[in-house]
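Student: Make the full structure from the sequences, and use the hints.
Protein chains in written order, with the working numbering: chain G, 6 to 442; chain W, 6 to 442.
Misleading hints may appear alongside valid ones.
If chains are identical, the list can't say which one is meant, so a pair holds when it fits in one copy or spans any two.
[To be verified] Straight line, CA to CA, 27 Å or less: simulated DSSO-like cross-link-like pairs of lysine-lysine:
id : residue 1 : residue 2
1  : K299      : K424
2  : K314      : K360
3  : K299      : K314
4  : K299      : K360
5  : K31       : K299
6  : K425      : K308
7  : K95       : K298
8  : K360      : K77
Bear in mind the hints are in silico, worked out from the structure with no lab data behind them.
Number of protein chains: 2
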Amino acid sequence: MSEGYEYRGTARAILKEGAHVGDVVKITRRDETFEGALMPRYELADDEHIVIKLRNGYNIGIKLSPDLKIEKIGLGAKPTFASQTYIGKKEELPTIVIISTGGTIASRVDYRTGAVRPALTTNDLLTVVPRLAEIANLQTEVIFTLLSENIYASHWTEIVKTVAKYIDQNCEGVVICHGTDTLAYTSAALSFALQNLPVPVILVGSQRSSDRPSSDAAFNLVNAVQAAAHAPIAEVMVGMHETISDDAMVLHRGTKVRKLHTSRRDAFRSVNSSPLARIQREEITLLTADYQKKDQKRRLVVKPFFNQKAALVKFYPGLDPQVIEWYVQEGYRGLIFEGTGLGHLSRDCFSSVQKAIDSGMFLGMCSQCVHGRVNMKVYDTGRYLYRIGVTPLEDMLPETAFVKLSWILAQTTDLNEVKKVMETNLVGEIDSRSIYD
Amino acid sequence: MSEGYEYRGTARAILKEGAHVGDVVKITRRDETFEGALMPRYELADDEHIVIKLRNGYNIGIKLSPDLKIEKIGLGAKPTFASQTYIGKKEELPTIVIISTGGTIASRVDYRTGAVRPALTTNDLLTVVPRLAEIANLQTEVIFTLLSENIYASHWTEIVKTVAKYIDQNCEGVVICHGTDTLAYTSAALSFALQNLPVPVILVGSQRSSDRPSSDAAFNLVNAVQAAAHAPIAEVMVGMHETISDDAMVLHRGTKVRKLHTSRRDAFRSVNSSPLARIQREEITLLTADYQKKDQKRRLVVKPFFNQKAALVKFYPGLDPQVIEWYVQEGYRGLIFEGTGLGHLSRDCFSSVQKAIDSGMFLGMCSQCVHGRVNMKVYDTGRYLYRIGVTPLEDMLPETAFVKLSWILAQTTDLNEVKKVMETNLVGEIDSRSIYD
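Tutor: Laid out in structure tokens, this is it:
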């Protein structure tokens with residue numbers, strides 16, 4: 006976001022007649038009229054659209070055409086996110102906490118400088134997405150401003166403690182803004198660390214920053230706050246677009262979700278599971294009966310720590326078995342393998358696997374197939390690995406298994422206990438039924 | 006397959022009236038009649054079905070019910086895969102070569118011992134799947150009998166040389182039977198190593214062994230031979246079930262396919278691409294116009310070698326950056342990262358990445374999102390990694406990128422050349438168009 010944000014080409018030609026980025030404009034085209042602040046050109050967009058931020062917080066991209074009329078109705082100084090009048094607490098609305106960790110959803114572009122800053126004081130949020138004030142009394146806290154590829158165990162602990170603090174204060178739901186890159190790892194971490202939840206905890210991200218015509222930031226935030234306020238599900242969930250249109254958000258169980266597209270708005274999918282609920286036109290539809298019900302009297306159990314001597318190892322043809330031994334030498338206490346198919350490694354790895362077992366390491370097996378369940382009883386390879394002590398982890402996602410291992414290793418040094426917990430479903434991470442998508 | 010194969014429970018009760026595994030039986034139920042050899046009980050199946058192998062080579066599972074009549078019409082000695090009369094060469098049929106590397110599809114269970122053996126002499130194949138004799142004149146060669154998790158670079162080379170040998174002898178198509186676990190890695194390897202193909206080369210596997218009621222082995226083999234004989238596409242492809250029913254096979258481009266389910270028959274999917282063709286009721290429908298046409302006069306280019314100093318590294322929150330440095334110390338010449346989102350690693354990895362770059366290693370970036378395309382120009386992390394020399398690999402699958410790197414490193418020591426080839430589409434592995442599934 007360090008380059009110029011003014012428009013180019015056709016867009017520039019039309020705009021130079023009067024309006025500049027930041028101005029409030031009125032755009033008329035045939036029967037339609039749009040009013041809003043002219044947003045910066047997104048660097049990768051074409052030059053045939055302009056983007057305005059409507060008063061309700063949504064951005065809209067408008068294709069330029071000869072019949073388009075653009076009228077400047079406000080000055081450039083106006084839309085710089087200055088504080089609005091603070092909207093006081095409404096007794097009839099639930100109190101929802103929005104915790105920000107950074108990422109695309111928590112950011113806004115400064116119209117003047119192009120810099121990206123987290124927009125998460127309550128006032129800022131209400132300026133950007135005024136609709137939120139009608140849904141809930143908001144409390145907000147920015148705990149970090151990180152791209153999510155930089156979020157890991159110690160940050161998970163801090164997020165967990167912050168959520169627990171607000172639940173202790175009797176908030177009715179929590180929304181966590183987070184970058185999408187590692188959002189599913191964090192949702193797994195929170196699922197294990199925040200057990201026996203009384204209220205919904207919803208992680209939300211956005212795939213397009215709020216200066217883009219196709220931004221999903223406002224839509225996702227409004228729906229996540231709706232869900233935190235009204236969903237009857239007291240679990241850690243990820244709330245994101247169900248499809249590429251702004252039609253609905255779905256809530257995925259925190260241990261059963263994966264980012265499955267680099268850029269689509271509906272990149273997040275439940276894997277080996279169904280979404281728990283859909284939020285559509287402000288209505289919440291439950292998609293399963295199998296969930297933990299909201300109960301503000303339930304007593305939260307917090308186990309916020311993660312041990313960093315766990316690792317995730319993806320097998321592939323030619324993987325150097327010495328990598329496994331390197332982890333043994335470095336004092337790692339457990340590995341999760343992303344094996345092939347039903348849970349396999351090549352026989353070249355067997356002696357290194359045996360050394361890892363002999364060292365007292367926990368070794369768990371998941372599949373790199375993404376979907377489906379491991380079964381180490383079908384082929385000789387699986388049977389052998391199972392016999393020497395590799396633990397099959399059913400239909401658990403490898404990313405979730407890695408996080409779970411890191412979490413349980415922070416609580417016990419007893420290998421049998423680690424193994425027992427890894428094999429046991431705690432918060433929906435293992436589904437005993439076969440899922441055939 | 007080392008346990009008992011006789012039936013238990015209800016199935017046993019009915020069967021003990023007369024028929025045993027291996028016998029030819031006639032089963033009558035209401036209006037239906039089935040005749041075939043009684044197959045062994047599959048260890049994981051329930052006790053309420055029996056399985057018979059029909060004369061056309063397909064297996065069928067029949068639910069036991071009180072109105073079922075089972076009549077023994079042949080002795081147990083009959084269905085032991087004894088040689089049938091060899092069917093001589095028919096001039097009007099194309100010559101298709103079936104090369105076996107092992108895996109579920111190439112195996113059959115001996116009715117008497119439960120041992121699994123590759124069934125790939127021509128006679129054996131025609132006994133198991135007689136339909137094949139009507140499609141093509143078959144030549145067969147068993148080059149190994151491996152579970153595919155044990156197949157890697159040196160085996161790829163041997164497969165490549167074998168395919169090239171038969172293409173030199175003017176065969177009209179090649180089918181390669183292969184375990185499904187690493188089938189997509191091998192298909193990528195063959196795609197790079199066998200360029201300028203004159204005829205189709207089709208890798209085929211099966212998800213259920215041929216002694217299971219739901220076995221896809223015969224269906225897949227018949228359709229793969231059909232495709233090798235008649236598809237107008239001279240590329241390396243993977244042919245597998247399109248859906249979970251025996252309705253159609255689709256052919257996936259060898260560089261754009263991934264096993265995306267541990268057990269479903271339609272586990273293989275084209276990723277960031279569409280299948281090239283569908284084979285349904287013996288008819289081939291092209292699904293794209295973008296393919297290399299069959300031309301038996303085209304001169305095959307064979308580059309069969311792979312360098313094993315390439316590795317695939319999946320990033321996850323907390324990945325120890327020392328792993329990257331370990332690869333440097335071990336003299337690796339290139340790494341493919343499975344980054345998060347658009348192609349990111351945590352900033353904790355930056356200094357190790359810099360050391361790898363300084364050592365002259367090639368570093369390529371793909372995404373762990375499976376679907377979509379990396380873009381290292383959107384966020385600071387991507388921009389930084391790009392600036393210091395990490396190469397974004399567009400929409401290439403990480404598995405394909407790893408294989409391609411291993412292949413190009415066997416041909417040149419010039420880092421610029423490696424980089425140029427990795428960025429260039431050779432055989433469909435990079436699609437310049439955006440794909441929105």
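Student: Compare the structure with each hint and give your call.
Tutor: Outcome of the hint check:
no.	hint	verdict
1	K299 x K424	neither (30 Å within a copy, 54 Å between copies)
2	K314 x K360	both (17 Å within a copy, 23 Å between copies)
3	K299 x K314	neither (35 Å within a copy, 53 Å between copies)
4	K299 x K360	neither (46 Å within a copy, 50 Å between copies)
5	K31 x K299	neither (45 Å within a copy, 58 Å between copies)
6	K425 x K308	within (18 Å within a copy, 49 Å between copies)
7	K95 x K298	within (25 Å within a copy, 69 Å between copies)
8	K360 x K77	neither (72 Å within a copy, 53 Å between copies)
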